[in-house]
Every structure is written in C-alpha cells, then in structure tokens.
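Required output: the full structure, derived from the provided sequences and hints.
Number of protein chains: 2
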Amino acid sequence: MVGKPLVSIVSAGLSKFGRLDGMYCREIFAEAVKEAFEKCPNLDPVKDIEALFVGHMGEAYEHQGHTGPTLADWAGMLPKPAVRIESACASSGIALRTGILAILSGLHKIVIVGGVEKMTHRTTAEVTEFLAMASDLPFEQWHGITFPGLYALMATAHMHEYGTTEEQMAQVAVKNHHNGTLNPKAHMQKEITVEKAMASKVVAWPLKLYDCSLITDGASCLILTHPDLAKKFTDSPVHIIGSGQASDTIGLYEREKLTTLRAARLAGQEAYKMAGLEPKDLDVAEIHDCFTIAEIIAYEDLGLCSSGKGGSLVEEGTTELGGNIPINPSGGLKSKGHPVGATGTAQAYEIYLQLTEQAEERQVKGAEIGLSHNVGGSGATAGVHIYRRE
Amino acid sequence: MVGKPLVSIVSAGLSKFGRLDGMYCREIFAEAVKEAFEKCPNLDPVKDIEALFVGHMGEAYEHQGHTGPTLADWAGMLPKPAVRIESACASSGIALRTGILAILSGLHKIVIVGGVEKMTHRTTAEVTEFLAMASDLPFEQWHGITFPGLYALMATAHMHEYGTTEEQMAQVAVKNHHNGTLNPKAHMQKEITVEKAMASKVVAWPLKLYDCSLITDGASCLILTHPDLAKKFTDSPVHIIGSGQASDTIGLYEREKLTTLRAARLAGQEAYKMAGLEPKDLDVAEIHDCFTIAEIIAYEDLGLCSSGKGGSLVEEGTTELGGNIPINPSGGLKSKGHPVGATGTAQAYEIYLQLTEQAEERQVKGAEIGLSHNVGGSGATAGVHIYRRE
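Read top to bottom, the protein sequences are chains A and B.
The numbering of the first sequence is our numbering, which starts it at 1 and goes up by one.
The numbering of the second sequence is our numbering, which starts it at 1 and goes up by one.
Be careful, since some hints might not be right.
If several chains are the same, the list does not tell them apart, and a pair holds so long as it fits within one copy or across any two.
Okay, derived cross-link-like pairs now, BS3-like style, lysine-lysine, Cα gap no bigger than 25 angstroms in a straight line [what the hints assert, rightly or not]:
no.: 1; residue 1: Lys47; residue 2: Lys4
no.: 2; residue 1: Lys232; residue 2: Lys16
no.: 3; residue 1: Lys4; residue 2: Lys109
no.: 4; residue 1: Lys39; residue 2: Lys231
no.: 5; residue 1: Lys34; residue 2: Lys280
no.: 6; residue 1: Lys47; residue 2: Lys232
no.: 7; residue 1: Lys257; residue 2: Lys47
no.: 8; residue 1: Lys231; residue 2: Lys190
no.: 9; residue 1: Lys309; residue 2: Lys4
no.: 10; residue 1: Lys201; residue 2: Lys273
Derived from the structure by calculation, the hints contain no laboratory data.
Only a predicted model underlies this, so the values are computations on that prediction, with no experimental measurement involved.
In structure tokens:
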C-alpha cells in the first residue's frame, strides 16, 4: 500500500521563534507543549503521554544538560521516560525518528517528540564556537574553520562544478524571507531583495550575511501515536509514511564530493521507498536551509531536480509559494529561524499545519503530501520524513 | 511467560578503563567495538549492523559533539543511522533502552548500543564543572553545589532517617575495590580497608575520597538483535527480559524525599514486572555506585532490602562476591571506573560476561538472572534492565 502510516501526528506545537529574553529552555519548550495540548483537548497531558524524546544540540549555551527530564518536569510529564537526542542541527529530526521507533516498538502508545534551543543570550563568537562542536575536532575545529566556512567550501565546489551563482543563492534567501513575512511565529518578518542580499557583508565567501540562517531561540513538538489510535484524539491526524536516516563522515575532508550530502540522499531514498512515493508526488517540503547553498544542494539530494540544477530551480520560481513545489513556506531556517535543537520538529510542525489547512496566508492549497529534510552539522547526520494528510 | 526476551545480546565489548592518554572518544569506542566483533565472528560489521545508539554525556570534555556519526565512522558503520543519547550518567543505559525500541520496532534487526567518555585529560575542576551541567542550573549550579554535595545531602538524610553510618558507606568502597582487583579492565586494581577509606580526605561530608567514583576514560558496547535471530550469531546469547525507565525532577529541592530515588524505584518496578520476576530472583547485579551512598540507596530502591536497611546489607556481606546477591562484581563505578557515558552499557557488559560464564576470577557461579541499574545525575533519569542466560 502506498503511504501506509508508520505513526500519526495528532497535535503539534511551536513556541514563538526569535529572541526570547529571560526564558530557560524548559520554559520555551513548555510553551510549545502547551499549544499542542490546547489543540488536542481529548488528550490528557499527565495520563496519556508515555514518553518524551527531545532534540537539544548544545548543553554549553545554557550550561544545562540532562535536558530530557528537565523539560519533562516543566511540561508536567514526570515520571515518564524522557530522553535527549543530540544529532547536531538534526537533533529533533532524529528525536522524531526515535519517537517513531518507540511507537512501532509497542512499548509506548503516545509520545511527545520535540526540540529546543536557547541561543540568543550568547555572543555570536560563543554561538559559533558551540556550533563548531558538531564539526570534526582534530581536522576542522583545530584549524579554525567554522560552519560558514564549511558550507562555503560546498558552495564554491558547486559553483565550480555546475556554474551555480551567488545570485541564485541570494534568491533562496529572498524566497524564504518572503515566506517568513507570512508566518507570525517567524524570527524575521522582513522582505529582502537579491540586491540587498548580494550587498550584505561577506561571512565566508561566497556566503554573505543573508546566505546564513539565524541564531534563534525556540521550541517545537509533535504528539505521535499509533495510527489505529489517532482518531480517538483528532479528526484530522497527519500520518508519517516514510522515515529515513543516514550518517556520513563528520569531516568534509573524508568525502568524495562536496556538492552533495550523501547522508541526505540516502535518507531521502529510504523515506521515499518506505512511503512508496517519488519526488514528483510531493506538494510541499521544509528543507534544511542553514545556508542558502544547503537548500540548493537539498533540491538535488531529494530528487526535486537533477544534480547541478538546484540553482536553476530556485531561479525559475519552482520552489516559491505558488510554484510547482513550494519549499520552506514557513520561512525556513533562514527567516523563521534556526534554534538548532528545535529545527527538525519545527519543520514537521509546518508540514502538519500545511496538511491540516492551518497555514493561513502561506497555505499551499490542497497539499496532501509533505516532506521534511533535517541535516546535522555539515551533513554527518540526515533525517528525512514524509507525511500525508488523512 | 516469565522472562520472555525483548531482545538478545549476541556480543559485547569493553575498552580498557582508566587513563587512556592520547586517544579520542572515537578511538576508545572502536576498541570496544573491535572486541564485540572479535567475539562474534559470524557477524559482518559492515553488512549486518543497521544502526548505532550511543551514550555520550558531555561534548565539553573533548569539544566534540555530534558523536553518533563520528563513532560510527571510526567503527566502520557508515552510512548507517547513528544517534547520540544524553541522559547524564545514564546515557548508555538509555541508549540500550533506545536500541531495544529500535529492534522491537521492526525497522532494525541488528543494532549496536554503547557509550563512551574521555575525561582524564581535563582537570578535576573542569570535570566537576562539566558534570554539574547534569544538575539544575538555576537552583543548584548557580549556588555552587556539585555532585559530591548533592549526594552528601542524600547521605546525611539517610544517616538521619535510618542511622546509616560512614563505616557502612566505606564498606561499599572496600567491597567494590576488592572486586576491581579481579577485573583486569578496571581502572583501579587496589584493595582498600575501611580504616583507609574513613581516613581519606573529605570531599563533601560525609563523603570522602573513597566514597566517590573515579574519573575515567572508557567505552562499552553491546550487539543486540531480535531473539529469533540470536542463534544465527552465537550459541550463548543473553536475553534482555525487562526494561524500565523513569524520570524525576532535576533539582533535589523539588523532591519529597532525599533517601530514595523515585525514578530508580519506578524503573526497577517496570523492569521486574516486564520480566515477571522479583528481587529475590536475581543472581547478580551491577548498580550505579557513583558514590557509596548511591549503592546503599539502590539496594533499597531495587527491593534487595527494605528502606533503611541498605547499610546493614553491605555490613552483613550479603552483596559481596560469594554473598547471597553479589553487587558490582566488576568493581562498579567505584573501582572499575566511571567514564560517564560508557557506564550503562559497561554494566550490561559485565552482566553479559557473568551470564555467559566469562567473568573469570569474579564469576558468580551459576548466575542465570542479572540486573543493571543506571542513574543519571542525582536521579532525574534511571534505567533498569533485567537479563537472563539462554
């Protein structure tokens, strides 16, 4: 059967994304959980939820690890099992996958998966250093390269091999900033132009300020259950019909090519196969645009176009709202923001809204099939999920 | 059926525990994995292993997060999914539980679970600070209390309520140091006396140096598969027949009692129930003796004696090798060492050896049923597993 559900999403929540001064991770996460419970009044937060799997990338930001029970406590879930997953910027995408394992295992019937990060109280230098822990210590960190530099290597390789241009990368930013203006929870609510993006400060050539995603605070969550139980809680569940995860070398130096993320390709292939679908079947997708080049590479890795054609895809408007396959209607990491641990399930939250017709001004009309694509670090982890509406 | 297997352990590995100068986590973990593969020649490391779940507590020690794919790479497992679990000192106990979910889910047939930590290259002050991230930031860390202090609060509460003595705590240390002399991989290989322990430097009264576990480097792993497949790989699998996990408040200040860890009690009850067994059925157990008082409290939480009788249990010799229920034959965290992320699956490794008659001088004769008890931080996470031999 095409699209046999693995698990079903019966509710979801997202905190405001942005600069959330004076809040701890536990408080931000509680905001996301509150929305999920409010949207699903048939669910008893204390009795029904059996476990929590939460993505949290860095204990350094808050000097607080052991995040699982900390968040479970503030969300009213004690004494249920609560686990932190760390897969760099794919932490909550992998927490989602772990929640799927938990439901499929039969040991749990209803679980929360989610993610959280508090970053804006730190200086940019601190955030850059903490993020760098997700790259290779002996062969990357020690030599002073940080994530903008790593993605700049990918960008220059892509430009060299395929003729991708700085303007095409800027067009990703323009598109995602536009989408962000339609999302009240997005960090940035600002249209930009290609000219403005091109003129912005160089961070690591060819990547400029507007090629980089945002340092953001935020949290996200989903409530998952067995497909047979979903209708007990909601009339409009969203089913997860494909889940793929793969790994790659942590260091770029070990890879055959810099113009593709092998883990993302493999995760996508696994998810499509499980779902019985092809790229052309997608109606909407949230893609890991930590840098604009990452979105272009992701188009290719996910089969939305052939290798080298990602730049043209955005240039032609195919991935705009109203285009053939709208990508990042939420605004993406670029404009909605990138609280690293929260990003994976924030992508899933957007797909949940889209497939339940709750995405308001940015609704992709009649969307039935969605995909989320979450990448850790420079691609050593990737998780891809495919969703369909009831 | 009593003891219906959830999953089966077909092999296991443990690095040397101790001061492993000049080695990265990835290298230490590879040492553990190498042993597991050498012990199970029917298993093809590249083809057969489908996923890795690894406990790693602190990215700060090595300035290296994103541990899952990093370890998977060095262990020859790419591009398989690889996930880091962080549940403080229970990280690999919870990685084990996650691996069980993965097998039960049907998405994976054979997985590796394990854990790793590299700590000894850091100063004691640094290690103390990094460990403290697993306690509560606003209500514990900020006030300067670290883990010896938190467990000292539990110890004084236990002394006050039940009359537990410093000598009884010292006896835990003496017992575990003795066991450690029988374990060639243990960090410490040294007998101590109650007098020596009592005379050692006070760390946080009533806890003295010999009441505290060791700062250690090390890694551990298990290879898990579906019980129906186990005999394909080994004639002597060990079956996991019970798995319990629970959470509690991260801060001690929120708890009703300091003389028990509620999460450990609940996790134990869940594991016993799943296994269809009672405490009296156990032949051997590895218990989370991060401090000597923790082992005494664990006796009570696991039902090996009634509340308040833990001190007497060790005093009477019941938990010695040769006693009625030998506890920590490996030497425990106290003498084998406590590379925090590796501890949970290192406990399981010892139980695996005991139930397959591979524990040499410290073998508990005829052991058929074992238990491991892994605690995160001051008890906000606990994972308990019960094992039986084929």
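Evaluated hints:
| no. | hint | result |
| --- | --- | --- |
| 1 | Lys47 to Lys4 | neither (28 angstroms within a copy, 27 angstroms between copies) |
| 2 | Lys232 to Lys16 | neither (29 angstroms within a copy, 52 angstroms between copies) |
| 3 | Lys4 to Lys109 | both (18 angstroms within a copy, 20 angstroms between copies) |
| 4 | Lys39 to Lys231 | within (14 angstroms within a copy, 48 angstroms between copies) |
| 5 | Lys34 to Lys280 | neither (36 angstroms within a copy, 44 angstroms between copies) |
| 6 | Lys47 to Lys232 | within (15 angstroms within a copy, 41 angstroms between copies) |
| 7 | Lys257 to Lys47 | between (49 angstroms within a copy, 23 angstroms between copies) |
| 8 | Lys231 to Lys190 | neither (39 angstroms within a copy, 61 angstroms between copies) |
| 9 | Lys309 to Lys4 | neither (32 angstroms within a copy, 54 angstroms between copies) |
| 10 | Lys201 to Lys273 | neither (42 angstroms within a copy, 61 angstroms between copies) |
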